[in-house]
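Chains W and L are the protein sequences, given in the same order. Here the working numbering is used: position 124 in the first sequence is 124, and no number is missing along the way. Numbers given in the working numbering equal positions in the second sequence, counted from 1, plus 353.
Hints listed in this document are in silico derivations from the structure and should not be mistaken for laboratory results. Note that CB positions come from ideal geometry on N, CA and C, so glycine has one too. Accuracy of the hints is not assured; some may be wrong.
[Unchecked claim] From chain L, some residues computed to sit far from chain W (all C-beta separations above 12 Å):
1. D402
2. A450
3. A679
[What the hints assert, rightly or not] Short, incomplete list of chain W residues facing chain L, as computed with Cβ under 10 Å:
4. E60
5. D75
6. F76
7. I79
8. V108
9. G136
10. V151
11. V160
12. E273
13. L277
14. N278
15. T314
16. S318
17. I332
Number of protein chains: 2
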Amino acid sequence: MADTQPNYPKPKKIEPETLKTIGEFGFIEKIRESLKTKNPSVISGIGDDAAIFKPTPGHELVFTTDMLIEGRHFDFKFITPGQLGAKTMAVNISDCAAMGAKPTVAVVSIGLPKDYPMANVEAFYEGLKGWGESYGAQIVGGDTVGSDVFVVNIALIGEVESGQALRRSGAKAGDALFVTGTLGDSAAGLHALQHPSAKTKEIVPLLIKHHLMPLPRFNVGRVLSTKRLATSAIDVSDGLSSEIHHLCDESKVGAEIHEEALPLSPSLLAYCEAEKLNPLDFVLNGGEDYELLFTVPLTYISQVVQKVPGETGTPVKSIGRMVPAAKGITLITRKGERLPLKAKGFDHFSPKK
Amino acid sequence: MADTQPNYPKPKKIEPETLKTIGEFGFIEKIRESLKTKNPSVISGIGDDAAIFKPTPGHELVFTTDMLIEGRHFDFKFITPGQLGAKTMAVNISDCAAMGAKPTVAVVSIGLPKDYPMANVEAFYEGLKGWGESYGAQIVGGDTVGSDVFVVNIALIGEVESGQALRRSGAKAGDALFVTGTLGDSAAGLHALQHPSAKTKEIVPLLIKHHLMPLPRFNVGRVLSTKRLATSAIDVSDGLSSEIHHLCDESKVGAEIHEEALPLSPSLLAYCEAEKLNPLDFVLNGGEDYELLFTVPLTYISQVVQKVPGETGTPVKSIGRMVPAAKGITLITRKGERLPLKAKGFDHFSPKK
């Protein structure tokens, strides 16, 4: 029977569209179509040698950039292309937020293997675009190149009322030190992705969400800059211990941080208890929280505590105070010990722990 | 005798400084020091979550970005780190020039293997900085990441008087088509680097220089935009045949280009004759010329011819004219044949020729 079976034509295999099949200019056309804008400050977007935009009079511009490389900064085992797009944009908006600025326009360079599926690239741009637009940022241009691994670079511009940018360098001894949200969740979420365990399955979704989809603290940054409530600010991308050093170095002050005041989420505490880990490791030496760390003069503390959470929907918490530089940076433990706090945040070139 | 030779201590091997030995923050400190600026429009450069700068009132901003990856866009066999820095900046300034804008501030992301020598990185930044500053562009920030290969991304902002940017989209049928300098030299220079030959050794230095150290046509762009002499402009980065298509697509016109009018350097002609190559291949399908291709209304032609070279030091040449879109894009050969001119410029995802 087998021999006489009619020789049906094989179903034609449909090759997924890739950069190889549509080419660089086909790719640009496709992305350009999806990124069309009606933003009136953008005079010309993709399709010229450079984009053209009109800055708002009375404002200064902030300018930030980030490069992310597959296998170094992210792993497609854990994050989808759409989530990566959203996160890439969120991380840059977080830098704008730390300056008290409104994001306006971005350019995105992407390096891709030539057989990378277009559907994934489109999902990536959807994530970029969606998160960008929800904070006012428009993608106005970019570059597309071949690469062995997925590489993306974003450069983002924001606007802030002249003279009102939040700098790292304005903290004074005596200021209170505040932080938004909770710390350590993102690093614990990454840990959970890398060490899946049945016993913490119920606990980890919020931690993982924090890692994959961080929320930039845009509203807090804007309230602090427009009401001039903060003397300095920085976003927590490399762990609290590193960021407090950056802030103190730029402001030429020291700091005291109280362990008992650190805002830890119930999920983080439950995860660390179940996995026998120290939450302080995630808080101090973790990374990618994208919370804002900022300093407030004594006279504005009550205004910050009473108004910022209500106006922004984001909790803020005082975790310590700034001191003269000679006193250094100290962690005061629950037991009252005073420990010098070293910067141990993530360093991209250090040997892995 | 050999056995009794005293056992002198071996000279201590001095390890070159690398990213691994100085770390990410050591690297940033080093670069920051070398990039300090007195540019009054830069309020804050490296050392904060984002740089802050003040746009000039009455101006619009142009925004462009480029990503370059080792092994794809350059080969350290042929280009030094310092030259690569200069070229990276020049290529972006060329995009500004094609918009008629003055470059102002840039951010630079760099991905590096951790054992990459710091001396080479410093040479790269010297090239970037030197060429940037000579055209008014200041590096105000960046990102530093680990990578298997050398990757660099630059995002550059420029300023142009409001409403005066040179677009790709303004060409009209009847306009004359001009180009600066000579075409094809850079692609021939790359060919010479890849195919070294004793018989053309005397001819190639100028071609190679054109490839390694392209000159952005900043002055020409500025004269064209400030005097409103051009209806459109584009820089020739991917070969004339591609660029004329971009210009015609955006302007919704066609074009006629006269082969005999194409500006070819004596070096290109001599090289092609010696190597039995067709110079037209380099001119039409080469790349990285970074000349400006621009269109001029009939009434301004004499002004362009008489004044632009004198004021800018850059030769310009009329190579054809714009025609209605329905007539397409035509190359008129020396013999008077009319050939449809297809876009065959460098496409980063196409299989290599």
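Hints, one by one, checked against the model:
no.: 1; hint: D402; result: violated (4 Å)
no.: 2; hint: A450; result: violated (8 Å)
no.: 3; hint: A679; result: holds (21 Å)
no.: 4; hint: E60; result: holds (5 Å)
no.: 5; hint: D75; result: violated (15 Å)
no.: 6; hint: F76; result: violated (17 Å)
no.: 7; hint: I79; result: violated (17 Å)
no.: 8; hint: V108; result: holds (8 Å)
no.: 9; hint: G136; result: violated (15 Å)
no.: 10; hint: V151; result: holds (6 Å)
no.: 11; hint: V160; result: holds (8 Å)
no.: 12; hint: E273; result: violated (33 Å)
no.: 13; hint: L277; result: violated (25 Å)
no.: 14; hint: N278; result: violated (24 Å)
no.: 15; hint: T314; result: violated (17 Å)
no.: 16; hint: S318; result: violated (21 Å)
no.: 17; hint: I332; result: violated (25 Å)
Comparing the model with each numbered hint stated earlier shows that hints 1, 2, 5, 6, 7, 9, 12, 13, 14, 15, 16, 17 do not hold.
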